[in-house]
Each structure stands twice: as C-alpha cells, then as structure tokens.
Amino acid sequence: MKPKNQRLVLVVAAIAAVLLAVLLAMWGLRERAAYFLTPADIAAGKAEQGRAVRLGGMVEQGSVQPQSDGVTIRFVVTDGHARTPVVYRGIVPDLFREGSGAVAEGRVEGRTFIADTILAKHDERYMPPELGNLAAEHKAGKTLER
Amino acid sequence: MIAEIGLAALWLAAGLAALQLLLTVAALRAPIDVARTVRAVAVVQGALTALAFAMLLTVFARTDLSVALVFENSHSAKPFMYKVAGAWGNHEGSMLLWVTVLSAAGAFLAMFSRRTGERTLLAALGAQAALATGFYAFLLIASNPFARLSPAPIEGRGLNPLLQDPGLAFHPPTLYFGYVGLSVAFSLAVGALLTGAVDSRAARAMRPWVLGAWIFLTLGITAGSYWAYYELGWGGWWFWDPVENASLMPWLAATALLHSINVLAARGALKAWTMMLAVIAFSMSMVGTFLVRSGILTSVHAFAVDPQRGTFLLALLFLYVGAAFLLFALRTKTLKEGAPFELVSRETGLVINNLLLSVILAIVFLGTLYPLFAEAVSGEKLSVGAPYFNSLAGPLALLLAVLVGVGPLLSWRRERRPVFGKLVVPALLGAGALVSTIILAPHIGLLPRAALAIAAFLAAASILPLTVRNPFRTPLATWGMAVAHFGIAVALAGMAANAAFTSERLAIARPGERMNVGPWLVQLDSVTPAAGPNWTAIEAQLNASRGGGAIKLEPQTRYFSDPPTETNEAAIRTFWNGQLYTVIGRADPSGGWQLRLWWKPFVTLIWLGGGLIGLGGLLALVGRTWRRRRRREVDWRREAYA
Chain H
396 MKPKNQRLVL VVAAIAAVLL AVLLAMWGLR ERAAYFLTPA DIAAGKAEQG
446 RAVRLGGMVE QGSVQPQSDG VTIRFVVTDG HARTPVVYRG IVPDLFREGS
496 GAVAEGRVEG RTFIADTILA KHDERYMPPE LGNLAAEHKA GKTLER
Chain V
1494 MIAEIGLAAL WLAAGLAALQ LLLTVAALRA PIDVARTVRA VAVVQGALTA
1544 LAFAMLLTVF ARTDLSVALV FENSHSAKPF MYKVAGAWGN HEGSMLLWVT
1594 VLSAAGAFLA MFSRRTGERT LLAALGAQAA LATGFYAFLL IASNPFARLS
1644 PAPIEGRGLN PLLQDPGLAF HPPTLYFGYV GLSVAFSLAV GALLTGAVDS
1694 RAARAMRPWV LGAWIFLTLG ITAGSYWAYY ELGWGGWWFW DPVENASLMP
1744 WLAATALLHS INVLAARGAL KAWTMMLAVI AFSMSMVGTF LVRSGILTSV
1794 HAFAVDPQRG TFLLALLFLY VGAAFLLFAL RTKTLKEGAP FELVSRETGL
1844 VINNLLLSVI LAIVFLGTLY PLFAEAVSGE KLSVGAPYFN SLAGPLALLL
1894 AVLVGVGPLL SWRRERRPVF GKLVVPALLG AGALVSTIIL APHIGLLPRA
1944 ALAIAAFLAA ASILPLTVRN PFRTPLATWG MAVAHFGIAV ALAGMAANAA
1994 FTSERLAIAR PGERMNVGPW LVQLDSVTPA AGPNWTAIEA QLNASRGGGA
2044 IKLEPQTRYF SDPPTETNEA AIRTFWNGQL YTVIGRADPS GGWQLRLWWK
2094 PFVTLIWLGG GLIGLGGLLA LVGRTWRRRR RREVDWRREA YA
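Protein sequence lines, in the order shown, are assigned to chains H and V. Numbered according to the working numbering, the first sequence spans residues 396 to 541. Numbered according to the working numbering, the second sequence spans residues 1494 to 2135.
In case anyone wonders, no lab produced these hints; they're calculated from the structure. Source: prediction; values computed, not measured. Warning: the hint list may mix true and false statements.
Stated by the list, open to error - Reference excerpt, derived from the structure (chain H facing chain V, CB under 8 Å, subset only):
| id | residue |
| --- | --- |
| 1 | Leu405 |
| 2 | Val413 |
| 3 | Ala420 |
| 4 | Gly423 |
| 5 | Ala429 |
| 6 | Ala447 |
| 7 | Asp464 |
| 8 | Gly465 |
| 9 | Val466 |
| 10 | Gly485 |
Claimed, not checked - To list a few chain V residues with every Cβ distance to chain H over 12 Å, as calculated:
| id | residue |
| --- | --- |
| 11 | Leu1521 |
| 12 | Thr1556 |
| 13 | Pro1958 |
| 14 | Leu1959 |
Beta carbons are placed, not taken as given, at the ideal position from N, Cα and C, and that holds for glycine.
Same shape as in the complex, but just chain H:
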C-alpha cells in the first residue's frame, strides 16, 4: 500500500470507530440509562413497569418497618407531593435514616418500588447526584414532611 493511501485508510478507520462508538453509546443510553424519578413521577404513571429506574426522596418519619424475616424492610419515600412504598432486602447503608434523603435503585412493580440497592455516600462529599437538589430544597426550608 502506498503511504498516502495508508494514511487515508487509517483516517477512515479512526472516523468509523468513533462513529461506531457514538452510535453504540446512543443506543445503550436510550435502552439502559436509569431515569431518576420522584414519588410524584411514579404517582403520575411515568414509570414503565419493570424497567430499571432510580427513586429519590425523603424516607418518611415512622415508616420504616422491618419484616419478620429480619432482612427485608418496607418504608415509604416521599417528596412532599406523593408517597411511594418501597421494599428492600438487604443491609441498609450506614447513612440510611428516617427523615433523611435516600436514593434507591430498582424497578416499579404495581404501585410498589422493589429496590435492589440503596445508595450511600461514597467519598468525602459525594452524594447521589439526584439528591443534591432535594437536600438543597430541604435546607432552604421547603420541608418535605407533611
């Protein structure tokens, strides 16, 4: 192959690779990004049944109920407008408390949210991105408890 053609082939290959990556990523993001929903969104029927989503809000005071098997809990997440019951099987993270914010990963089945994971802090000042806003609103005095 002539050097000139070789360079052309390489450039074309690089562009094709980048295009492929972008197309793959767009497809993957459309299919697999988990939308962040609030209880109000779920009440409004925005959640597709069974699809992976994140639920964020405040854990309602007095709502945490350990179940008889000892490792499952039920609680209610609220955003001040609506309430979503959540079921979670596992050890809750260290910072999980009634009256404070939480983000759960899982899916909606019926009217209940089945959580696979409850997110906790990761490093010094890290909060699940979606909670930043809620926490700020909370501080600003727009309390979410009714």
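Guided by the hints, dock chain V onto chain H, whose structure is given.
For chain V alone, kept in the frame of chain H given last:
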C-alpha cells in the same frame, strides 16, 4: 508561619512558571540560548512546590487549627498517619498534590531528558510551564490551601471515617502520579508538533514517561478497586461510579498510547495518531480532575451555585485541550507520512488495539458525561450504571482480550508465516474451558462464560512470545509485555469467576446460630462492643469452617463521633481459592443480627492480575531504559575508538 512559607513558595513557583513560559516562547521565536536557564527554572519551580507541599504536611501533622483547611478536615484525636494522609483527603490539599506532581515531573524532564532534541525539549518545557501556570492560578485564586482562620478554633471537624484507612495514604498519590505523569507525554507531544520533530526519537523520549504514568495508573486503579471492595462492605469491586470512570478514562487512553508509541518508536509509523493520543490521554486526566474536583458530580445545580472552582477548571480544560487540538490541526499536515506496512502485520494489530480501546474510551466517556449533559440541557435526571457499561464495554473488552493473544505473534511490517499454527494449544485450552463451564456450570451468564474461556486462551497465548527465543536472551521489554498480557488473563478470570460463582447469604442470626454460604458453615458466636482510638464499634465473632479447622472473623460496625458517622468494617479472609467476606448489619428486635456473607471464588485474581499488569509495565520500563543505557555506552566506546 509555616503556612505562610508554603504560600510564599507557591507564589514564587507560579512566578517562575510564568517566567519559564515566557522564556521558552521567546527562545522559540528568536535564536537566543536560554536552554540552561529554562532547565534551572523548571528545577527550582519543582523544588518550591515540593516545599509548599511539605509545609502543608507539617501543618496537618501538627494539627494547626488556625489553618482553615486543617480545621475543616482534621481533628487532634486522629491517628498520626491519618493526620498526615488527611492533607490530601480534601479538595485544596489534593489539588496542591496534583500541582506538586506536575511541577516535579517538569523538573525531572528538565534534569534527565537527554533523548529529545534541544528545541523540542525547550518547547515541551514551555508547554509544561503553561500547564503549571494555569493550575497555580487555580490554586492561588480559587483553592488556597493555606488560608488562615482567626481566631483559631479549638477543635477540628474531623475526617470522613471512610477515608480513615491505609488506602487513603497510597491511593490518591498513586493515581496522581499517573494522571500528571501523562502531562509530560502531552508536553512532549506539543513540543514535537511545534518543532515538527515527530519521529521515532520523540517517541522514545516519551515512552518512559507514558510507561511510568501508566504503571502508576494501573496500580492506583487496582488499589482503589480493592479499597472500595473492602471498605464499602458491598462486596463489589467496580461500581462504574463517575469517580472511578474518571480514573479509568486516562488509563484507557494511556494504554492505547503505550501501544501506538511502540509503533512510532520502532517503525516511525502512526505519527499523527500517536500525538493525538498523547493529547487525549492527558486531556482525560484533566477531565477526570474536573469531574472529581469541580463538584459537578454532586449536582449540576451545586456546580451552578458555587461556580468559581468548576468554571475555573473547565476554562483551563478548554484552554489546554483546545490549544493542543488547534496545534494538532495546524501541524498534522506538515508531518511526513510514516513507514508503510501490510494489512497483516504487527502494526495493523496495534492499530486495531488502538481503535478498540478508543471505542471503549468513547463509550465510557459518553456514559459518564451524558447524565450531566442531559440535566444541564433538558433538566431530565438520569443515571447511567452497570447495565450500560457492562453490556457495551464488556463484549468489546473481551474481543480485545482475544486479539491481545494474537497481536504479539505478528511480525513488524509484514507477516509472512501463518500464526494460527502457534495458537493451536491456546485455542484448545480456551475451547476446553468453554466446554467444561457448559458441563460443570450450565447456569452462568453469557459474558462470564465467554470471559472464562477467553482468559484460558489468553493465559496460554500471552506466554508464546517468550518461547520464540531462549527465555534468558529474550529482551526484558518482551518479558514485560508477556507478564502484562498474562495479567489481563488473570484479572479476567477473577472477574468472571466472581460474577459466575459468588454465593451470597443474607440472614438474621442469633448468637449460636449457623448458616451456610458456598462451602462454608458460619456460626455467630457472640456480638460484643469494641473500641478504637476515635471510634466505638459493635463486633460480631464469627466462626467459619468447611470440613477442617475453624477460622474466626470479626466484622464490625464502627461509630465515629467527629463527624458523627458509622461505617461497616467487613471481615475478609483470603484463601488460595477465594475470599470469605462477612458484614454485620443491624440488630433485630428479636435479639438477632443481620449478617451478610459472601463466598467469592478466585475474586483475588482481579487484583493479582492488576498487579501483574503493573509489574509487566515495570519490567518493560526497566528493560527499555537499561537497554538504552547499554546502547549509549556502546556508542561512547565506538566514538572513543574512532
């Protein structure tokens, strides 16, 4: 006083960096001889930042609470080691560490680089000074680590207990050496583009830096993964968290660069591509720094509320990346075409390696930034996690792993002999692994199954390059390549085994009760309180056995008072064939305790593989520099005889 010395040293270093930049610009435009001056300035600048960093360590070691940063992040009751390590467990301190490594790298470049042409080195030192000037400005204007508090408070706020761990002492500095080591590759690429000297000599000058940075990145990511694994108590080793991706992206780019630089060094081909990768690799370091340090991950809104730091970093990022790309666009036409190669050749193999790594990098990059982008544009909130990354990057990584076994067997320029003959044994091993997983473990997922088969293939294929010659005569760099590629197979096997064969048990247990996990029978003996220097804890005494003798495990939940937090301390036991991982949860009203147990077969191979990959890099680095020195001695001798 100590803080003031540190601040003064930082200002002086910033001034010197600006001077260094001006001198190089002047020297590149007019024929004035300032090379020695520039080198001296770079070295002094490095020494001054090192002094500033030492001053920061001192105020932390002495818990000088009149320094705002110490007050916010330290506490007098903290163990000494964490007082010192706490110096870089916060924004300002870690940015100072970043800049210290940056200017130290510049100083080393000025002192030890003899491979590069004088003008290219000068231009590279100018680029390094341009980088440093911007980041000094960022530190001094937006993140002064030495700001004082008056009056001094009587006690500090403490360090997040998650960070109170030996991992903190090593993980961030290791990663930073990697991140910032890539800045030298960036500067040398900019220098070579400016002077038009993009050739195999420039590649050979860049290579030790890229290798060194890559080794640090590899070890930093491996250590960080293990840290998250045992400290978070979730049993996972990689979460596709944006902070993790921030370190993975420079690693992917550096891995691609590491391979293409060999093509440029050995064959003089892939010139523009290699320069581009050098620019991208350090850009990814800066993107990573921006993601972690701007607060944008917490929330786009938090970023908008306190925009100074984020905007500053973003401006620096755009300035440097934009300038480098502009330079690239202007100069790439002037590059001579590289040496030609045939379709089936080592060069083509490395091009495919580069393309696959670039595609994976783009997928990780888009997945990491898309949520930020979506929220900023449409206000829609979403998260991109493991389902996206695993299903897109996973198959591509596996394809790459197969090709890793083939590529090193090809010869440069043109492959005459068919290589498939050599691959019979590895292919049989891979097929054997595939068949045996289908028979022995019919229910595991597709990706783990493929990964196990490919790991078996690659483990055998990766050592083939060592069989070409007498192993003692094989160059150390070839040994390094084989070890690193073998490490990929080991890590892949660990990942697949963990995904396929982990057994998990979550249950409530009262003292005296037993439960099974994998081959283990675990008994909860008792739960007792425990105490440490600045924490109290609930500790479970577990007794685990499988057939033979019993072992004891003591997982804890620790309660810290400054700041008030609790953390899980998992108790982990390592065996040759896996790890037993135990976590204690909350108390149950009936008098039992939540226990979470995992038996993770061969999970340690993940980090062992990571270590081998780093070791392979180290062998290659030693081999390259040592061989070069020997060659230089031969040259000298020849000159002496001539």
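Results for each hint:
no.	hint	in the structure
1	Leu405	holds (7 Å)
2	Val413	holds (6 Å)
3	Ala420	holds (4 Å)
4	Gly423	holds (5 Å)
5	Ala429	holds (5 Å)
6	Ala447	holds (6 Å)
7	Asp464	holds (7 Å)
8	Gly465	holds (3 Å)
9	Val466	holds (5 Å)
10	Gly485	holds (6 Å)
11	Leu1521	holds (28 Å)
12	Thr1556	holds (18 Å)
13	Pro1958	holds (25 Å)
14	Leu1959	holds (30 Å)
No hint from the list above goes unmet by this structure.
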